[in-house]
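Visitor: Chain residues, written in single-letter form:
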Amino acid sequence: MAKSSDSSAEENAFVIDESSMEMAWLLNQNLVLTKGMEGLFPEKFDLSQASSILDIACGPGGWVLEVARENPTIEVTGFDVSKQMIDYARAHAKARGLENAHFEVMDALKPLAFPEASFDLVNARTIVGFMNPQAWPLLVQEIVRVCRPQGIICLTEFELPLTNSPAFEQLSEMVVQAFQKAQRNYFPQTKYFGTTTLLNRLLRESGCLDIKKKAHAIDFSAQTADHEGVYQDYQIVYHLIQPFLIKMGLTTQEDIQWLYQKMLAELLSDDFRGIWYYLSVWGQRP
Amino acid sequence: MALEKYASWRELLGHLIRDTQERQRIANELDISTVTLTRWANNTSQPRQTNLYHLLDALPQHRTLLIELIAKEFPGFTGAPLEHVEDAPPEIPSAFYARMLNAYSTTPQSQRFWSISNLILQQALGQLDPNHVGLAITIVQCMPPSQDNKVRSLRESVVRGTTPWDMHLEQRAIFLGEESLAGYVVTHSRQRVLQNRIEGQGIFSAHWVEWEEGAAAYPILRSGNIAGCLLVSCTQPNFFLPSRSLLIEKYAELMTLVFEPEEFYDIRQINLAFMPHYRTQEQYLQGFQQRVSQVMLQAMRDRQALSYIKAQQMVWKQFEEELLQLPPYIQE
Numbered sequence: 000m001a002k003s004s005d006s007s008a009e010e011n012a013f014v015i016d017e018s019s020m021e022m023a024w025l026l027n028q029n030l031v032l033t034k035g036m037e038g039l040f041p042e043k044f045d046l047s048q049a050s051s052i053l054d055i056a057c058g059p060g061g062w063v064l065e066v067a068r069e070n071p072t073i074e075v076t077g078f079d080v081s082k083q084m085i086d087y088a089r090a091h092a093k094a095r096g097l098e099n100a101h102f103e104v105m106d107a108l109k110p111l112a113f114p115e116a117s118f119d120l121v122n123a124r125t126i127v128g129f130m131n132p133q134a135w136p137l138l139v140q141e142i143v144r145v146c147r148p149q150g151i152i153c154l155t156e157f158e159l160p161l162t163n164s165p166a167f168e169q170l171s172e173m174v175v176q177a178f179q180k181a182q183r184n185y186f187p188q189t190k191y192f193g194t195t196t197l198l199n200r201l202l203r204e205s206g207c208l209d210i211k212k213k214a215h216a217i218d219f220s221a222q223t224a225d226h227e228g229v230y231q232d233y234q235i236v237y238h239l240i241q242p243f244l245i246k247m248g249l250t251t252q253e254d255i256q257w258l259y260q261k262m263l264a265e266l267l268s269d270d271f272r273g274i275w276y277y278l279s280v281w282g283q284r285p
Numbered sequence: 000m001a002l003e004k005y006a007s008w009r010e011l012l013g014h015l016i017r018d019t020q021e022r023q024r025i026a027n028e029l030d031i032s033t034v035t036l037t038r039w040a041n042n043t044s045q046p047r048q049t050n051l052y053h054l055l056d057a058l059p060q061h062r063t064l065l066i067e068l069i070a071k072e073f074p075g076f077t078g079a080p081l082e083h084v085e086d087a088p089p090e091i092p093s094a095f096y097a098r099m100l101n102a103y104s105t106t107p108q109s110q111r112f113w114s115i116s117n118l119i120l121q122q123a124l125g126q127l128d129p130n131h132v133g134l135a136i137t138i139v140q141c142m143p144p145s146q147d148n149k150v151r152s153l154r155e156s157v158v159r160g161t162t163p164w165d166m167h168l169e170q171r172a173i174f175l176g177e178e179s180l181a182g183y184v185v186t187h188s189r190q191r192v193l194q195n196r197i198e199g200q201g202i203f204s205a206h207w208v209e210w211e212e213g214a215a216a217y218p219i220l221r222s223g224n225i226a227g228c229l230l231v232s233c234t235q236p237n238f239f240l241p242s243r244s245l246l247i248e249k250y251a252e253l254m255t256l257v258f259e260p261e262e263f264y265d266i267r268q269i270n271l272a273f274m275p276h277y278r279t280q281e282q283y284l285q286g287f288q289q290r291v292s293q294v295m296l297q298a299m300r301d302r303q304a305l306s307y308i309k310a311q312q313m314v315w316k317q318f319e320e321e322l323l324q325l326p327p328y329i330q331e
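Taken in sequence, the protein lines are chains A and B. Quick note: the first sequence, position 36, residue 35 per numbering that gives the first Met the number 0, numbers continuous. Quick note: the second sequence, position 68, residue 67 per numbering that gives the first Met the number 0, numbers continuous.
FYI, nobody ran anything at the bench for these hints, they're computed from the structure. It should be emphasised that the depicted structure is a prediction, and the values quoted were computed from it without experimental measurement. By construction, the Cβ of each residue, glycine as well, lies at the ideal position given by its N, Cα and C atoms. There may be inaccurate statements among the hints.
Computed, partial: chain A to chain B, Cβ under 10 Å [claimed, not checked]: (1) S19; (2) L26; (3) Q48; (4) G61; (5) P71; (6) Q149; (7) Q222; (8) A264.
Computed list of lysine-lysine pairs in DSSO-like fashion (alpha-carbon distance at most 27 Å, straight line) [what the hints assert, rightly or not]: (9) A:K213 - A:K190; (10) A:K93 - B:K316; (11) B:K316 - A:K261; (12) A:K261 - A:K246; (13) A:K212 - A:K190; (14) A:K211 - A:K246; (15) A:K261 - B:K149; (16) B:K309 - B:K149; (17) A:K93 - B:K249; (18) A:K43 - A:K211; (19) A:K180 - A:K190; (20) A:K34 - A:K180.
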């Protein structure tokens, strides 16, 4: 849980403490994901008739700003529980002259403060960090409610990468165990988040039609084009998540520091191999 | 209501867009949403300068009155042809300055460089290249002095760019010396702008990289000492108009937060060598990550604490020494 004195942050269920470093990481990760997905959307959606788009838990707003820039005739809204993130996103939108980008402080774990059928497309990208198994169906119900009939609902989630780095694998296992102890995991007894297996069912049970999926595989092995970006992403996030791992009683400061440095060294090796899988599932609101 | 009785261009616009078809037509011509038009009319949003000129084109029958009314709110607005108008980038938002000061005071030292430099570069790119014409912004850093206490080279340490420059260019991290624009700026401790490839010829043997048609560099200073410079490359010539140059200068000032005090050097310590061409360097630097990995793993085997940052610095220094032994690039 966040330790900020900001009252909204006290309710922030994200496993990483709110900070400027987290903000920089989220902005960076947004670029990594968009590059790995080869675009802001998993496929070329027909937005010619769209007038409004919503992004769930937008963080500092990287995705919203890019969508707004590419689609100047569409009003793009993002919300996040963190006022700091939203203040930053608003300032960024103003500085870039993106009048069609809007940001609100709102909690995705509570009913959304938007009227029914407000948006032509609702997007949620990698929100596993603060979600739990009970919250998912409720959030999707709210997403369906605020999405216009025949609008698009798009969910994108990931599993932790597959690598040949023993230290990375050990750290990843620790992360999953920490999520399990915090009752965030969908699969309580495995070494995966399991969220990617959930997405199709969530949309189907909410009544969505024409459900499609697309898997993205980011090969960040040594000397690949994606190595540097994903390396930076995990260099930062596996630093940021250490307080959570210690808090869950899975490691000590000294041990985790040692393992972290070993991970960094292994990821830089010429024989490092790693692939990061994402899954996007989208459907049409009936 | 006679058009002449409108007190503001927003009021006139509000009248005109009461008709939904007309509202949609104007929005289409300006390539914006109808909601944005309504916000302008309601004075809840500030249009970009270029959009005001597009508005004149969309409403030729009201052009004269619009220019008069717009000038009331935007003194200096003349309706001049669009090619002479610069969408003057706004100031760096005060909220961003506050965020940077917060980052400086709250981020652990080991992560401060990465966090703050990323935030600044992403913000700068967003402001300077909102339309993605093609811009790369590089933090060029002084290498620690050699045994003679002189700074012999600079290194491109963090790069962020819009297309065609790739998102992550750290692996390119080239060393720069006296032959370069960055080297010139650091040596003389003052900014320099090259609006196109013709400028600068004969002053220094700068080698232009692929797609680069204009470049500018701004020193990163603190109490008269220098840490390096902010290097901006553009795919278009004549990009560095006065207001953009001023904005970049402000970002270079913000970069002071990225460096530790000991990373600023007295100007008299700057004695840059000529470095090899970047294509020659690339062949050597491909092995950078493997070397860092080996240094870190060896330290761990020796049960010595060696951070990733320290390991990188050691390996960069090794590369610098090796590259200084190679023939320099001197353009004929």
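Visitor: If a hint holds in the structure, say so; if it does not, say that too.
Guide: Hint check:
no. : hint            : result
1   : S19             : holds (3 Å)
2   : L26             : holds (5 Å)
3   : Q48             : violated (13 Å)
4   : G61             : holds (8 Å)
5   : P71             : holds (5 Å)
6   : Q149            : violated (20 Å)
7   : Q222            : holds (8 Å)
8   : A264            : holds (4 Å)
9   : A:K213 - A:K190 : holds (23 Å)
10  : A:K93 - B:K316  : violated (42 Å)
11  : B:K316 - A:K261 : holds (22 Å)
12  : A:K261 - A:K246 : holds (21 Å)
13  : A:K212 - A:K190 : holds (23 Å)
14  : A:K211 - A:K246 : violated (39 Å)
15  : A:K261 - B:K149 : violated (34 Å)
16  : B:K309 - B:K149 : holds (20 Å)
17  : A:K93 - B:K249  : holds (18 Å)
18  : A:K43 - A:K211  : holds (13 Å)
19  : A:K180 - A:K190 : holds (12 Å)
20  : A:K34 - A:K180  : violated (33 Å)
Checked against the numbered hints given earlier, the structure breaks hints 3, 6, 10, 14, 15, 20 and satisfies all the rest.
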